Amino acid sequence: MRLGIAVGSACLDLALMHGDTVLASSKCPTTGLLTSDLRTSLDSLPHLREYPVDSITVSAGWLTDAVRAGLGLAPIAALRLTQSGGHALGPFTGWPAALRAAVDCGSAVLTGGHDLAMRQLAPLDNDAIARFATTAAARGARGIAITASSSPAAPEHELVAAGIISSQVPGLPITLSHEIAGLGLLERENTALLNAALRPLAERSIDELRDVLNDYGLTAPLMFARHDATLCNAERLRRFPVTALESGAAVALRGAAVLAGTNRAMVMEIGARSSRIGFVENGRPLLTRHSEGMQVPGLRVALQLPRTLSTPIGGARTIDCRTGELLDAHNPPVSIGGGPSETVFDAAVFLGLATAPNRVQMSALAARKAVRTATEQLRRLAAGVAGDRTPIVVVGPAADLGPAITGLDVTLPDHASCAPAIGAAMAEPAAEVERVVVTGNRTDLDRSLTLATEQAMAGVISAGADPAGVEVTESSATHISYLPGSVFRLRVRATGRIEQSGGRR
Amino acid sequence: MTAPITRIEAEHIPTLQAGAQLLACGTGGGDWLVLSEWLRVVIERNGPLTVAQPEDLDPEGACAAVHMVGSPMLMEEQLPTGGELRLAIEALQRWTGRELTAIAPLNAAGPNALIPMIAAAELGLPLLDLDGMGRIFPLVDMTTYALGGLAPTPITLTGTAGEVILLDGPAGRLEGQLRPALLGCGGWACCASYPGTIGQFAATGIPGSVSRVLHAGRVLRREHGLAEDGFARQLGGRSLAVGQIVDVERHQTDRTWTDGSFPAGPSSVIIGESGGHGRMIRLEIHNDILLALADGGVIASVPDGICLVSGIDRQPVDVEQLQLGMRVEVLVLPAASAWRSEAGMAVAGPAAFGLAHHVPTGLPR
Chain A
663 MRLGIAVGSA
673 CLDLALMHGD
683 TVLASSKCPT
693 TGLLTSDLRT
703 SLDSLPHLRE
713 YPVDSITVSA
723 GWLTDAVRAG
733 LGLAPIAALR
743 LTQSGGHALG
753 PFTGWPAALR
763 AAVDCGSAVL
773 TGGHDLAMRQ
783 LAPLDNDAIA
793 RFATTAAARG
803 ARGIAITASS
813 SPAAPEHELV
823 AAGIISSQVP
833 GLPITLSHEI
843 AGLGLLEREN
853 TALLNAALRP
863 LAERSIDELR
873 DVLNDYGLTA
883 PLMFARHDAT
893 LCNAERLRRF
903 PVTALESGAA
913 VALRGAAVLA
923 GTNRAMVMEI
933 GARSSRIGFV
943 ENGRPLLTRH
953 SEGMQVPGLR
963 VALQLPRTLS
973 TPIGGARTID
983 CRTGELLDAH
993 NPPVSIGGGP
1003 SETVFDAAVF
1013 LGLATAPNRV
1023 QMSALAARKA
1033 VRTATEQLRR
1043 LAAGVAGDRT
1053 PIVVVGPAAD
1063 LGPAITGLDV
1073 TLPDHASCAP
1083 AIGAAMAEPA
1093 AEVERVVVTG
1103 NRTDLDRSLT
1113 LATEQAMAGV
1123 ISAGADPAGV
1133 EVTESSATHI
1143 SYLPGSVFRL
1153 RVRATGRIEQ
1163 SGGRR
Chain B
28 MTAPITRIEA
38 EHIPTLQAGA
48 QLLACGTGGG
58 DWLVLSEWLR
68 VVIERNGPLT
78 VAQPEDLDPE
88 GACAAVHMVG
98 SPMLMEEQLP
108 TGGELRLAIE
118 ALQRWTGREL
128 TAIAPLNAAG
138 PNALIPMIAA
148 AELGLPLLDL
158 DGMGRIFPLV
168 DMTTYALGGL
178 APTPITLTGT
188 AGEVILLDGP
198 AGRLEGQLRP
208 ALLGCGGWAC
218 CASYPGTIGQ
228 FAATGIPGSV
238 SRVLHAGRVL
248 RREHGLAEDG
258 FARQLGGRSL
268 AVGQIVDVER
278 HQTDRTWTDG
288 SFPAGPSSVI
298 IGESGGHGRM
308 IRLEIHNDIL
318 LALADGGVIA
328 SVPDGICLVS
338 GIDRQPVDVE
348 QLQLGMRVEV
358 LVLPAASAWR
368 SEAGMAVAGP
378 AAFGLAHHVP
388 TGLPR
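First to last, the sequence lines map onto chains A and B. Note that the working numbering has the first sequence beginning at 663, numbered continuously upward. Note that the working numbering has the second sequence beginning at 28, numbered continuously upward.
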């Protein structure tokens, strides 16, 4: 049995799975207080203790929310090691001002780093690094992210700088960029900075979760969904919380595919405050190559995030019940149905397109107009993508509205409203390694690929996979364009599975 | 085609980037976050830059192509200090003794669509609305400028560590010197080349190329209601096939620059067409997509641009990022007419890339 817990900004979903079968699911609105929301949800599944739960996977939406809102993040410092001679684009380039203000506790660009051929760009200035660490700590930094040029190929300078900083300021958490991502310094640095800023929150919330779960007798290994709907264990998340960003979108897509029993689909997630469209290919979320999926404008990260399109139309979008106009998307959120203000959902119920215990009175004209406006906007969102006979699956808290409100031929699977929890429960461990190698011959290339493969396999085991079931699912050596044929980018991805037993206790 | 662009402001950057990515014909190495941020920072500091039609400027004014060479991916890793473009232009001015009055793109596609914009904004010079390729070709001398008699040399290269390298001499000897110098700079460098007059650029360049980048971006991003339908047509091209990638072959090579081959190594991609005739589409790639075959017959080739967009939301796809199972649409964008001449085909046609095929005739253009 696997328990999936998806904590979103509006709802907390639970799902108990045995293989592909949903044994139980529940959905509760969130109050913003993680532990009490979790207790409320667990209480709603009274038979939980009767099942032997082998693993628990959490989609930690509060980490994404923290980045979006710039709340709960730790002040951190950025150290970049690169050539001397100035820099056009310093750390925190392109960050939204509010987010930067929430975390930026100073940055420095010091000499160091390597070029592609592993030649040192400049020697490290040990004294300057030590001074920077002292200053950052004095200003209140609760973490440092170190990013050196070409560290995915030559990590030494990041490691040496980390040694200097930890002897100067013992106990200060350090994030090394080469442990986070591959080539692309700004995106790798941004990701390392977010990681550093999320670590204290992740530490705290993982401890709280573990305590609550223990109280309910849920002592199975605790796992976390990552940005691509794969998972890692709690220990790894403590060090790399940034990998959980946008996990909510990813697990919703994965969950939709499982529920609809399809490998390829367009998934429309109809939420309370917004709706989004994503895609499933080979049963997995379709990812952007980089950061287009990041829902924080201007902030680019080196994570493959689900490719989604969104619109601020959701079931709880408030309407004017006399005219049927959709009101400002920034109005205070209300629950789906049940007031205090009339919503798109209420209009759908009034027209008999959805069912609910309370039927709010409004003018039929207004209700039709509200539903029509919402329909048009969702259809426009869907029309922007090449349909090509792709089946459409609707999920999310307002999924019941799907068939009526989209006006499209859609699949509405059972448990659709809990798709994220189902996707979380079904997540499997994975790890990727990306390296650049300069090599003159085939033997060297093979040796580097073997090494990268071993690192990926070790990574997936340390993320929580059963060592017996690790598979290399992707392994490639690609020429880098416009350079001599001896420069390759290696990419290896390994996936595994977590051990499972079955049956009712 | 839409009206020519006259000014480039910060708000145009995402659109320009999308257009440049498509016109890069499957190459270009990623998102160029560094380039778009660099352009944004310079525009925010110096104000918008002017895009000029060459006939509006003094034809005797000095002009040069400003661009990068090497791997855009490495630029993402070894960041610019910000002084490279000015340094390259100043070095060329010192050598030629002429101060530039305008800047031209080498090729308004891929990263080199954005680089001359950064230089123009940095130096406060107008950017000519033309280019020398209409797409990306791998070598600096594969341009309509060179075809029209303008020499790529002298050329200056500047690296992030402050290196300044000037290469002069016959165009045919340039690549042999340039690529080792480039590796010495860490894999990418900024360049000023093709010193000439605005009149010479006007006579040899492909007109409207900078405006075309913006237009392509608007179609891709569906701005102003563009590309609701007739996507390929609005880009001035046609759709060859939609399908799923069934095989990616990376050919091993131990070749290096010394034997005069093109940079990087070749690869092939096989796409199983979905719907239609269910053909097997094979793309031959060497830096760029050179050739498309359907069930063994050539359906498109250089100098026409062959590019890939995601079959799902029609965003440009890079050959370096192709993976099995990915759904793609293959588009062909016809080459500028200058490339259709006998001399043009000798430089940029299939034979120039060592492909023993001919451009098919009678295909709709």
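Hints in this document: simulated from the structure, not taken from any laboratory. Bear in mind that the values here come from a model prediction, so they are computed numbers and not experimental data. Some clues are possibly wrong.
Facing chain A, from chain B, some residues (calculated, C-beta under 7 Å) [unchecked claim]: (1) Thr-187; (2) Ala-208; (3) Gly-211; (4) Glu-347.
Distance ranges between label pairs, derived from CB positions [stated by the list, open to error]: (5) Gly-196/B x Ala-1120/A: 45 to 55 Å; (6) Val-191/B x Glu-865/A: 46 to 56 Å; (7) Asp-1076/A x Gly-303/B: 51 to 61 Å; (8) Thr-1112/A x Thr-77/B: 53 to 63 Å; (9) Gln-1023/A x Gly-74/B: 33 to 43 Å; (10) Asp-873/A x Pro-41/B: 37 to 47 Å; (11) Arg-34/B x Arg-1030/A: 43 to 53 Å; (12) Leu-971/A x Glu-38/B: 16 to 26 Å.
All residues carry an ideal CB built from backbone N, CA and C; glycine is no exception.
Could you tell me which of the numbered hints above are not met by this structure, giving the numbers in increasing order? 2, 3, 7, 9
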